[in-house]
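S.K.: Chain residues, written in single-letter form:
Protein chains: 2
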Amino acid sequence: MEYKKQIEQLIVDFRTNYLSSVSIDFVIFGFHDGQLKVLLLRWKETDKWCLPGGRVRHEENLETAAYRSLQERTGLSEIFLEQFHTFGDVLRYTHFSKEETMGTLGLPQDVLDGFPGRDVSVGYYALVEFARVTPTPDLFTDECQWWDIDQIPLLLFDHNAMITLALKTLRRQLSYQPIGYNLLPEKFTMPDLQQLYETILGQTLDRRNFQKRILGYDILDRLDERKTGGAHKAPYLYRFNKEKYEKALKGEVLFVG
Amino acid sequence: MEYKKQIEQLIVDFRTNYLSSVSIDFVIFGFHDGQLKVLLLRWKETDKWCLPGGRVRHEENLETAAYRSLQERTGLSEIFLEQFHTFGDVLRYTHFSKEETMGTLGLPQDVLDGFPGRDVSVGYYALVEFARVTPTPDLFTDECQWWDIDQIPLLLFDHNAMITLALKTLRRQLSYQPIGYNLLPEKFTMPDLQQLYETILGQTLDRRNFQKRILGYDILDRLDERKTGGAHKAPYLYRFNKEKYEKALKGEVLFVG
Numbered sequence: 001m002e003y004k005k006q007i008e009q010l011i012v013d014f015r016t017n018y019l020s021s022v023s024i025d026f027v028i029f030g031f032h033d034g035q036l037k038v039l040l041l042r043w044k045e046t047d048k049w050c051l052p053g054g055r056v057r058h059e060e061n062l063e064t065a066a067y068r069s070l071q072e073r074t075g076l077s078e079i080f081l082e083q084f085h086t087f088g089d090v091l092r093y094t095h096f097s098k099e100e101t102m103g104t105l106g107l108p109q110d111v112l113d114g115f116p117g118r119d120v121s122v123g124y125y126a127l128v129e130f131a132r133v134t135p136t137p138d139l140f141t142d143e144c145q146w147w148d149i150d151q152i153p154l155l156l157f158d159h160n161a162m163i164t165l166a167l168k169t170l171r172r173q174l175s176y177q178p179i180g181y182n183l184l185p186e187k188f189t190m191p192d193l194q195q196l197y198e199t200i201l202g203q204t205l206d207r208r209n210f211q212k213r214i215l216g217y218d219i220l221d222r223l224d225e226r227k228t229g230g231a232h233k234a235p236y237l238y239r240f241n242k243e244k245y246e247k248a249l250k251g252e253v254l255f256v257g
Numbered sequence: 001m002e003y004k005k006q007i008e009q010l011i012v013d014f015r016t017n018y019l020s021s022v023s024i025d026f027v028i029f030g031f032h033d034g035q036l037k038v039l040l041l042r043w044k045e046t047d048k049w050c051l052p053g054g055r056v057r058h059e060e061n062l063e064t065a066a067y068r069s070l071q072e073r074t075g076l077s078e079i080f081l082e083q084f085h086t087f088g089d090v091l092r093y094t095h096f097s098k099e100e101t102m103g104t105l106g107l108p109q110d111v112l113d114g115f116p117g118r119d120v121s122v123g124y125y126a127l128v129e130f131a132r133v134t135p136t137p138d139l140f141t142d143e144c145q146w147w148d149i150d151q152i153p154l155l156l157f158d159h160n161a162m163i164t165l166a167l168k169t170l171r172r173q174l175s176y177q178p179i180g181y182n183l184l185p186e187k188f189t190m191p192d193l194q195q196l197y198e199t200i201l202g203q204t205l206d207r208r209n210f211q212k213r214i215l216g217y218d219i220l221d222r223l224d225e226r227k228t229g230g231a232h233k234a235p236y237l238y239r240f241n242k243e244k245y246e247k248a249l250k251g252e253v254l255f256v257g
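Quick mapping for you: the protein sequence lines, in order, are chains B and A. In case it helps, full-length UniProt numbering puts the first sequence at residues 1 to 257. In case it helps, full-length UniProt numbering puts the second sequence at residues 1 to 257.
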């Protein structure tokens, strides 16, 4: 069977050219119009879902491996990846046993001979506007799907825990870094930006406090336009000031006593 | 020579029992009375300094390996370690070449035969009151020393970069988590707590804003005592409310719009 043969070839390739005990996994969050989703892959010829992942070549920097793997598994590129945690439990099988997982993946039993049977996996996350990207399945994958953050199924390995921690990290990020560039249209209203924050946090925010705090970051330019087509009292339009935004990204909004 | 033999035995042990391409490094920050320091080890019979580090056994969780390694290398235990970044460049030799480093470590050339010669290293950091702990050197180490954060020498591997990133992470942490428990005496003044924050941030803070923000976290109990022995207008004493402090640690101070 063609697929099995390809898998076997890949395993030989892995044994020769890749670090034996390090893997990479990706939590790609997708935001669009008040929805927060996560990109999942359905493993070839099964009904099991998991995060996209990859491995590190001997002569390849970890970060390079991350971008290469994400592209190979999903076709996605030009996405800013942020490392968030390395998962190193010996048994990273939360919902499905090791045997069940190996069976699901269609891996021959002797795959374990060449590997210590145990990966330390470096987790990366990203946040994209999911209407703007189109993931494409790779050899191991029947389909790529955006799953609603509240409806993630039981995943292979410890991938549910990875999503939980990535989401916690993303939420933390809102306290020290600006967010929103590449997620909103070029011109947006304060309610649009607030909706983005609320969607990530999974809770509503006070309108006035939100506006005060966001304006305090000094990363927005208010335009001399209001949103058209709405009811009366149309809200002002804003735009990120790219220079200030990037400065804030670098400097971070640290504790300001 | 005794030491060389022990090293060779250890290498055999490593090849057999440890993951081949994963290591661990520790940035242990020490705070005391307005000073911030980092724990460094001087490599046996050399003048080269580095961070304490370790490796992961095949049947050992990464986190377990971290606590075990820290204890083996420095004698330190009961320290809360926080993972902050995994360093995965192929050549993690910033100030000294690979050959120079191998020479310094007194490692035989064929040490590279058993390893791919390349580790992905998981970084952990901790913050302790350095007057309360006494690190003790291990087999590889002539001395353990607390170095002032502003006077770190050129270190082996990429350890200077590790310290820089760990410090950035520690500073970030002040924006979303309370800090200070186990670093200050049981009863302390607001200026004591402010000094802790200023020492970590490396900058002075406005007294009133600091007080307002810290009290806003609702993690302190103000005692009915003032500090004695000082001048007039002795400051009030505070104590962490353990229950609220731990709740804040879990819940985190996220973006509050």
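The set of hints was computed from the structure by calculation and includes no laboratory data. Please note: incorrect hints may appear among the correct ones.
What the hints assert, rightly or not - Label-pair restraints from in silico Cβ distances:
no.	chain 1	residue 1	chain 2	residue 2	range
1	B	K250	A	D47	50 to 58 Å
2	A	D148	B	L139	52 to 60 Å
3	B	N182	A	K168	47 to 55 Å
4	A	L215	B	K212	40 to 48 Å
5	B	D148	A	E100	28 to 36 Å
6	A	E100	B	R208	57 to 65 Å
7	B	D148	A	N209	47 to 55 Å
8	B	E99	A	Q71	30 to 38 Å
9	B	N160	A	R208	26 to 34 Å
10	A	A234	B	D224	33 to 41 Å
11	B	G251	A	Y93	50 to 58 Å
To be verified - Under the rule of at most 20 Å between Cα atoms (straight-line distance), these lysine-lysine pairs were calculated in the PhoX-like manner:
no.	chain 1	residue 1	chain 2	residue 2
12	A	K187	B	K168
13	B	K168	A	K37
14	A	K37	A	K48
15	A	K244	A	K187
16	B	K250	B	K187
17	A	K48	B	K247
18	B	K212	A	K212
19	A	K4	A	K37
20	A	K212	B	K250
21	B	K168	A	K48
Predicted model only: the values in this text are computed from it and were never measured. Even glycine gets a Cβ: it sits at the ideal position worked out from N, Cα and C.
S.K.: For each hint, tell me whether it holds in the structure or not.
M.R.: We went through each hint and held it up to the structure:
1. For K250/B and D47/A, the Cβ-Cβ distance of about 35 Å falls outside the hinted range of 50 to 58 Å, so the restraint is violated.
2. Taking 52 to 60 Å as the suggested C-beta distance range, the pair D148/A and L139/B conforms, at roughly 53 Å.
3. At about 23 Å, the beta-carbon gap between N182/B and K168/A misses the expected band of 47 to 55 Å.
4. Take L215/A and K212/B: their Cβ atoms lie about 19 Å apart, and the range 40 to 48 Å is violated.
5. Between D148/B and E100/A, the C-beta spacing of about 53 Å breaks the proposed range 28 to 36 Å.
6. Against the hinted window of 57 to 65 Å, the Cβ-Cβ separation of E100/A and R208/B comes to about 60 Å, which satisfies the hint.
7. With their beta carbons about 40 Å apart, D148/B and N209/A fall outside the hinted range of 47 to 55 Å.
8. Checked against the hint of 30 to 38 Å, the C-beta distance between E99/B and Q71/A comes to roughly 35 Å, which is consistent with it.
9. Take N160/B and R208/A: their Cβ atoms lie about 45 Å apart, and the range 26 to 34 Å is violated.
10. The given range of 33 to 41 Å is broken by A234/A and D224/B, whose C-beta atoms sit roughly 55 Å from each other.
11. For G251/B paired with Y93/A, a C-beta distance near 30 Å fails the hint of 50 to 58 Å.
12. As the CA atoms of K187/A and K168/B are separated by approximately 32 Å, the hinted pair breaks the 20 Å bound.
13. Of the supplied pair hints, the one linking K168/B and K37/A is violated, its CA atoms being roughly 30 Å apart against a limit of 20 Å.
14. A threshold of 20 Å between alpha carbons decides the hint, and for K37/A with K48/A the separation of about 18 Å falls inside it, so the pair holds.
15. Restraint check for K244/A and K187/A: satisfied, since their Cα atoms lie roughly 16 Å apart, inside the 20 Å limit.
16. For a cut-off of 20 Å, the pair hint linking K250/B to K187/B is broken: about 23 Å separates their Cα positions.
17. With a C-alpha separation of about 36 Å, the suggested pairing of K48/A with K247/B is violated against the 20 Å cut-off.
18. Between K212/B and K212/A the CA atoms are separated by roughly 17 Å; this keeps the pair inside 20 Å, and the hint holds.
19. Under the criterion of a C-alpha separation no larger than 20 Å, the hint pairing K4/A with K37/A is inconsistent with the structure, at around 32 Å.
20. Restraint check for K212/A and K250/B: not satisfied, since their Cα atoms lie roughly 26 Å apart, outside the 20 Å limit.
21. Annotation: proposed proximity of K168/B to K48/A is violated, straight-line Cα distance about 39 Å (limit 20 Å).
Against the hints set out earlier in the document, violations occur for numbers 1, 3, 4, 5, 7, 9, 10, 11, 12, 13, 16, 17, 19, 20, 21.
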